[in-house]
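Asks: Could you slot chains B and C onto chain A? The hints should help.
Chains as they are written, first to last, in the numbering used here: chain A, 17 to 234; chain B, 17 to 234; chain C, 17 to 234.
No wet-lab data here; the hints were simulated from the structure. Don't take every hint at face value.
As the list makes no split between identical chains, a pair holds if one copy fits it or if it spans any two.
[Said to hold, decoys possible] Dumping the calculated DSBU-like pairs for lysine-lysine here, alpha-carbon to alpha-carbon at most 30 Å:
no.: 1; residue 1: K229; residue 2: K52
no.: 2; residue 1: K137; residue 2: K25
no.: 3; residue 1: K219; residue 2: K44
no.: 4; residue 1: K217; residue 2: K93
no.: 5; residue 1: K229; residue 2: K217
no.: 6; residue 1: K93; residue 2: K229
no.: 7; residue 1: K157; residue 2: K219
no.: 8; residue 1: K207; residue 2: K137
no.: 9; residue 1: K55; residue 2: K230
no.: 10; residue 1: K27; residue 2: K207
no.: 11; residue 1: K232; residue 2: K27
no.: 12; residue 1: K207; residue 2: K44
no.: 13; residue 1: K199; residue 2: K157
no.: 14; residue 1: K157; residue 2: K229
no.: 15; residue 1: K230; residue 2: K157
no.: 16; residue 1: K44; residue 2: K137
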Amino acid sequence: MTLNFAEYKTKLYSAVLADTLDSLGYHKQTLSPGIKSIKPDVVMCGLARVGLYMPIYHDDENTDVYEHEIGLIDSLKENEIAVLCCHGNEKIAPWGELLSTRANYLKSAGCLTDGCVRDTKMVNEIGFPVFAKGTNPVDTKFRGKMMMTDVPGEIANVYVESGDLILGDNDGVVIVPSTIINKVIKKALEKVSSENTVREKLKRGYSLTDVFKKYKIL
Amino acid sequence: MTLNFAEYKTKLYSAVLADTLDSLGYHKQTLSPGIKSIKPDVVMCGLARVGLYMPIYHDDENTDVYEHEIGLIDSLKENEIAVLCCHGNEKIAPWGELLSTRANYLKSAGCLTDGCVRDTKMVNEIGFPVFAKGTNPVDTKFRGKMMMTDVPGEIANVYVESGDLILGDNDGVVIVPSTIINKVIKKALEKVSSENTVREKLKRGYSLTDVFKKYKIL
Amino acid sequence: MTLNFAEYKTKLYSAVLADTLDSLGYHKQTLSPGIKSIKPDVVMCGLARVGLYMPIYHDDENTDVYEHEIGLIDSLKENEIAVLCCHGNEKIAPWGELLSTRANYLKSAGCLTDGCVRDTKMVNEIGFPVFAKGTNPVDTKFRGKMMMTDVPGEIANVYVESGDLILGDNDGVVIVPSTIINKVIKKALEKVSSENTVREKLKRGYSLTDVFKKYKIL
Chain A
17 MTLNFAEYKT
27 KLYSAVLADT
37 LDSLGYHKQT
47 LSPGIKSIKP
57 DVVMCGLARV
67 GLYMPIYHDD
77 ENTDVYEHEI
87 GLIDSLKENE
97 IAVLCCHGNE
107 KIAPWGELLS
117 TRANYLKSAG
127 CLTDGCVRDT
137 KMVNEIGFPV
147 FAKGTNPVDT
157 KFRGKMMMTD
167 VPGEIANVYV
177 ESGDLILGDN
187 DGVVIVPSTI
197 INKVIKKALE
207 KVSSENTVRE
217 KLKRGYSLTD
227 VFKKYKIL
Chain B
17 MTLNFAEYKT
27 KLYSAVLADT
37 LDSLGYHKQT
47 LSPGIKSIKP
57 DVVMCGLARV
67 GLYMPIYHDD
77 ENTDVYEHEI
87 GLIDSLKENE
97 IAVLCCHGNE
107 KIAPWGELLS
117 TRANYLKSAG
127 CLTDGCVRDT
137 KMVNEIGFPV
147 FAKGTNPVDT
157 KFRGKMMMTD
167 VPGEIANVYV
177 ESGDLILGDN
187 DGVVIVPSTI
197 INKVIKKALE
207 KVSSENTVRE
217 KLKRGYSLTD
227 VFKKYKIL
Chain C
17 MTLNFAEYKT
27 KLYSAVLADT
37 LDSLGYHKQT
47 LSPGIKSIKP
57 DVVMCGLARV
67 GLYMPIYHDD
77 ENTDVYEHEI
87 GLIDSLKENE
97 IAVLCCHGNE
107 KIAPWGELLS
117 TRANYLKSAG
127 CLTDGCVRDT
137 KMVNEIGFPV
147 FAKGTNPVDT
157 KFRGKMMMTD
167 VPGEIANVYV
177 ESGDLILGDN
187 DGVVIVPSTI
197 INKVIKKALE
207 KVSSENTVRE
217 KLKRGYSLTD
227 VFKKYKIL
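Just chain A, same shape as in the assembly:
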């Protein structure tokens, strides 16, 4: 099955993906709260490309602080999302407007980080999706360096690998392991349809007691 990211962005949402993953026994696929889009009402969907950071406290020629970061971002393909795992380090802003400009040119689907982002005004003018822990005006130089790319990582308590599907919206961010993407998408689209039925019943005055007895969803 070819992945149709444009369709998922309009038909799916993080809550229905989280419920679907729960129903399949995957209970640890939703990022801990607090990783938010820097612009309201953005839906981001694509495939992960993982980079891992470590904190550093100096800079010099040998450090070559942007080395792996430049490598990862220059290699982004259409619909890929740069996943910058900072172990919750809010003291660095590994993403900003120049990286957004390049990633946007390459048709990347966005950036996801548990660190911070800067240049938010300009990033929003570009319209590039960024989900981050917060904003911070500081560079990574003197503070952190990406050390490894395309290796397993963890972000906001969720395990992530390059190739996993990511969907982020106003509610939060869900990661679907690459091995079960097709199964999850199919089941999630079915659940959307059941929820539509329940919603209509409730609007017409049915009680939660009655609709839950019949449809078993809430």
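Replies: For chains B and C alone, coordinates are given in the frame of chain A:
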């Protein structure tokens, strides 16, 4: 005195209620910062209906996870607010769009929780007021269950009982114990009037020193 | 050099100031994330006027809780920013609409606090810039008191003195020590120009690898 919630929503605000409660010796009636409306500029006012949650880590037929939740929400009356006490557990989102749809039908005044909320986009389309600690796409199933309803609770460090008056706005959320609602409302409406006088003086260039000496409020 | 705050607000931004300070060896000039404007897209720039708070738990005639606060705010000059150091105490809201009304009359450039702010709706109607840790409806009375003014302070992990230059925007807040303001401003304006060149190259499809090799900035 019949409570006129529509009037309180336009004439009162959380700060003047907090000051009034302070002046009567009630210093612990304001929720700790961080419980926010999921939509800007919403004012929520109504009477509490309390439900208490506990964390759980499984689901099966015996668990009947939505049992008490369905009971509480189906029983909401006009101007009542579902107060979902989660002990600050941000790992669950006990509120979402289907519960909003039902509560809105029953003319409930909103939901207040120190847990999270999901389906925020759809909840905002309904226009149902929700004040929560954050957003999270996950269901309570496998994660938490409401165990008791209409018993005393605590939310963001404030004691709350069903029947207490709740007012939330951009600044935060204040809880007025049911026994003193009339006294607090009367005094708060008077304070609003004094603040209007002071504001006019300051706009015309009076110093804080002078207006405070005269009016004793700031 | 006369400081031209209106120019800095349009040409500079917190990230370029943070980078410039980094390049001069000043790595601790950016406030820890979480101190935000209460209104989106506000740029605040001016000179610090520092006040230090301590937590208190009572109120009476002797306490004279607003004593130093009234003194500091009534003495604000054009382009000065009230810097209210609360040691991260979110239990108090030392700033609100009446202080905003007075400070606005005196042409103060804003308020910066690691405590909370209240009356946010009215403060935003006045259009007065406030960067704070959060919102909270409670007064300082019974909770905190400004004890010293125009002494050195610390806010969100940055040392600050009256006379330091402050710039806050969507990304965060940077403090420029008074002794190096001219040098930093000059160098930051130059950096803005280099970033414009790099941005244009990236928009035209140059790789990060190539532009970083040539311009050494990212």
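Asks: Now look at each hint and say whether the structure bears it out.
Replies: Hints versus structure:
Neither within a single protomer nor between protomers do K229 and K52 lie at most 30 Å apart by alpha-carbon distance, with minima of 35 Å and 33 Å respectively. Taking identical chains as interchangeable, the C-alpha atoms of K137 and K25 lie at most 30 Å apart whether they share a chain (24 Å) or sit on different chains (14 Å). Within a single copy, K219 and K44 get their C-alpha atoms no closer than 32 Å, and across copies no closer than 38 Å, so neither meets the 30 Å cut-off. Taking CA atoms no more than 30 Å apart as the test, K217 paired with K93 passes between copies only; the shortest distance there is 19 Å, against 44 Å inside one copy.
Proximity of K229 and K217 under a CA criterion of 30 Å is satisfied intra-copy only: 13 Å inside one chain copy versus 61 Å between copies. Proximity of K93 and K229 under a CA criterion of 30 Å is satisfied inter-copy only: 22 Å between copies versus 46 Å inside one chain copy. For a Cα distance limit of 30 Å, the shortest separation of K157 from K219 across copies, 23 Å, qualifies, whereas the shortest one inside one copy, 54 Å, does not. In this homomeric assembly, K207 and K137 come within 30 Å of each other (Cα to Cα) only across copies, at 18 Å, whereas the closest approach inside a single copy is 37 Å.
When the C-alpha separation of K55 and K230 is checked against a cutoff of 30 Å, the pair qualifies neither within a copy, at 39 Å, nor between copies, at 32 Å. Proximity of K27 and K207 under a CA criterion of 30 Å is satisfied intra-copy only: 11 Å inside one chain copy versus 44 Å between copies. When the C-alpha separation of K232 and K27 is checked against a cutoff of 30 Å, the pair qualifies only within one copy, where the shortest distance is 22 Å, while the shortest distance between copies is 43 Å. Taking identical chains as interchangeable, the C-alpha atoms of K207 and K44 lie at most 30 Å apart only when both belong to the same chain, with a minimum of 20 Å there against 44 Å between chains.
Taking the closest pair of Cα atoms, K199 and K157 come within 30 Å of each other only across two copies (21 Å); inside a single copy the shortest separation is 42 Å, beyond that limit. Taking the closest pair of Cα atoms, K157 and K229 come within 30 Å of each other only across two copies (16 Å); inside a single copy the shortest separation is 57 Å, beyond that limit. Taking CA atoms no more than 30 Å apart as the test, K230 paired with K157 passes between copies only; the shortest distance there is 18 Å, against 58 Å inside one copy. When the C-alpha separation of K44 and K137 is checked against a cutoff of 30 Å, the pair qualifies only between copies, where the shortest distance is 23 Å, while the shortest distance within a copy is 33 Å.
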